[in-house]
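Participant: Here are the chains, one letter per residue:
Protein chains: 2
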Amino acid sequence: MSDISKPVIGIIGGTGSLGSGLAKGWARAGHQVIIGSRAAEKAASAAAELGFGIEGDSNWAAAAASDIVVLTVPFSNHGAILGEIKPAVDGKIVVDTTVPLAPPKVSKVQLPEGGSAALITQRLLGETVRVVSAFHTLGAAKLHAGERADCDVLVFSDDKGARNTVIALAELVARRGIGGGSLANSAAAEAMTSVLIWINRQCKITGAGIAVTGLEAAQQA
Amino acid sequence: MSDISKPVIGIIGGTGSLGSGLAKGWARAGHQVIIGSRAAEKAASAAAELGFGIEGDSNWAAAAASDIVVLTVPFSNHGAILGEIKPAVDGKIVVDTTVPLAPPKVSKVQLPEGGSAALITQRLLGETVRVVSAFHTLGAAKLHAGERADCDVLVFSDDKGARNTVIALAELVARRGIGGGSLANSAAAEAMTSVLIWINRQCKITGAGIAVTGLEAAQQA
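Chains A and B, in that order, are what the protein sequence lines are.
Its first residue numbered 1, the first sequence is counted upward by one per residue in the numbering used here.
Its first residue numbered 1, the second sequence is counted upward by one per residue in the numbering used here.
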């Protein structure tokens, strides 16, 4: 489909705040980006507004035309949209950003049965899909302002190669991408998102994020 | 029992690495600290080695003589030790640092039934105990070296006053103490500890921690 060094990225639910922010960040870095939405026309007009050569199409078509598929959809639509794109993602990297929020108490950690959204995604898509979980704690405001986010992105997967590919994508839109272990560990970042929502409300800010401290020792070693 | 501005702190399981590191940090800051262990003699000799006027006693006696009781015990002993100290902590702040690790896979998130160690503690101690959850992601090395840890401490509780008291204690031993919401949110920090263990192993370091980014906007506001 494309140059292996610049995979085509499809963003499912890409008309939302996080999806369109990531689209702009990766398109600016030279990736071809296709945002998907339920309705192809809505995706196309949102893509035109974003600029940077970003295209829009239906969720299925965006997934089918991409090398890497990124899910940025509400948890309430998560299962249905996975069913929609499943025929188009076999063998591909699917990056799940889903935070399992349970409205109205979105500032309270309420992990789903099965432990995490990412583990549900792997189960629904099957073992031939390379599921990676990332970008939960990333605020989109800086991406829309044309900057990289000043926080780290934790990246989880059982597939080391896929994890490293997504770490590199994270470094285009945030301070650092940092591997956080297996897909089961995604629960930590999914839960932390409710903590950050709580901190945002408490401090009357919008952009609380997470950074990993103590890595300087590794860089010096 | 003591001056309200300098509560006496009892550290249950205080002969371990985190417990004795916290003991030194708080004792240096002027708190009276009593470390507890199964055997009073073992606690007393460990306390004498720590210096700073730290005392040692049995877990029950340390809890009974303290205003604030801090639990630094392995998850495998957690329930038994809560039963031991329960008669001594009614109405007090109990700070739970317990990470629900499931050996041998300690770098894999495996949250317990009930959602988190902190929620289990509240259930076992009952509603009259002011349970606060904190210090999960704090490495003890800097505390033993006589410094504050260069990371943030997330502090969770359903009791706002107790949460604020522990935030102040956190700021004596780490960069910042930051409220993270209700006790249910402790799951995020408990899970993150396995992620940090994974990062430590991967990067061949010992001190990975967590910081919250984006708070500068709140401080300026």
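These are calculated hints, taken from the structure and not from any lab test.
Among the hints, erroneous ones may be present.
Since copy identity is lost for identical chains, a pair holds within one copy or between any two.
Stated by the list, open to error - Below, simulated SDA-like cross-link-like pairs (lysine to any residue); rule was C-alpha separation at most 20 Å, straight line:
#, residue 1, residue 2
1, K105, P74
2, K105, G115
3, K108, K160
4, K160, I197
5, K204, E216
6, K160, A46
7, K160, S107
8, K142, E127
Participant: Taking the hints in turn, state whether each one holds.
Facilitator: Hint-by-hint comparison with the structure:
1. In the homo-oligomer, the alpha carbons of K105 and P74 lie at most 20 Å apart inside one protomer (15 Å), although the nearest pairing across protomers, at 31 Å, exceeds that limit.
2. Both within a single protomer and between protomers do K105 and G115 lie at most 20 Å apart by alpha-carbon distance, with minima of 18 Å and 16 Å respectively.
3. Taking the shortest alpha-carbon separations for K108 and K160, only the inter-copy value of 15 Å comes in at or below 20 Å, while the best intra-copy value is 31 Å.
4. With identical chains, the CA atoms of K160 and I197 are at most 20 Å apart between copies only, with a shortest distance of 17 Å across copies and 30 Å within one.
5. Taking the closest pair of Cα atoms, K204 and E216 come within 20 Å of each other only across two copies (11 Å); inside a single copy the shortest separation is 31 Å, beyond that limit.
6. In the homo-oligomer, the alpha carbons of K160 and A46 never lie at most 20 Å apart, since the shortest distance is 34 Å inside one protomer and 43 Å across protomers.
7. When the C-alpha separation of K160 and S107 is checked against a cutoff of 20 Å, the pair qualifies only between copies, where the shortest distance is 15 Å, while the shortest distance within a copy is 31 Å.
8. Proximity of K142 and E127 under a CA criterion of 20 Å is satisfied in neither setting, with 35 Å inside one chain copy and 42 Å between copies.
Hints 6 and 8, counting from the list given before, are not met by this structure.
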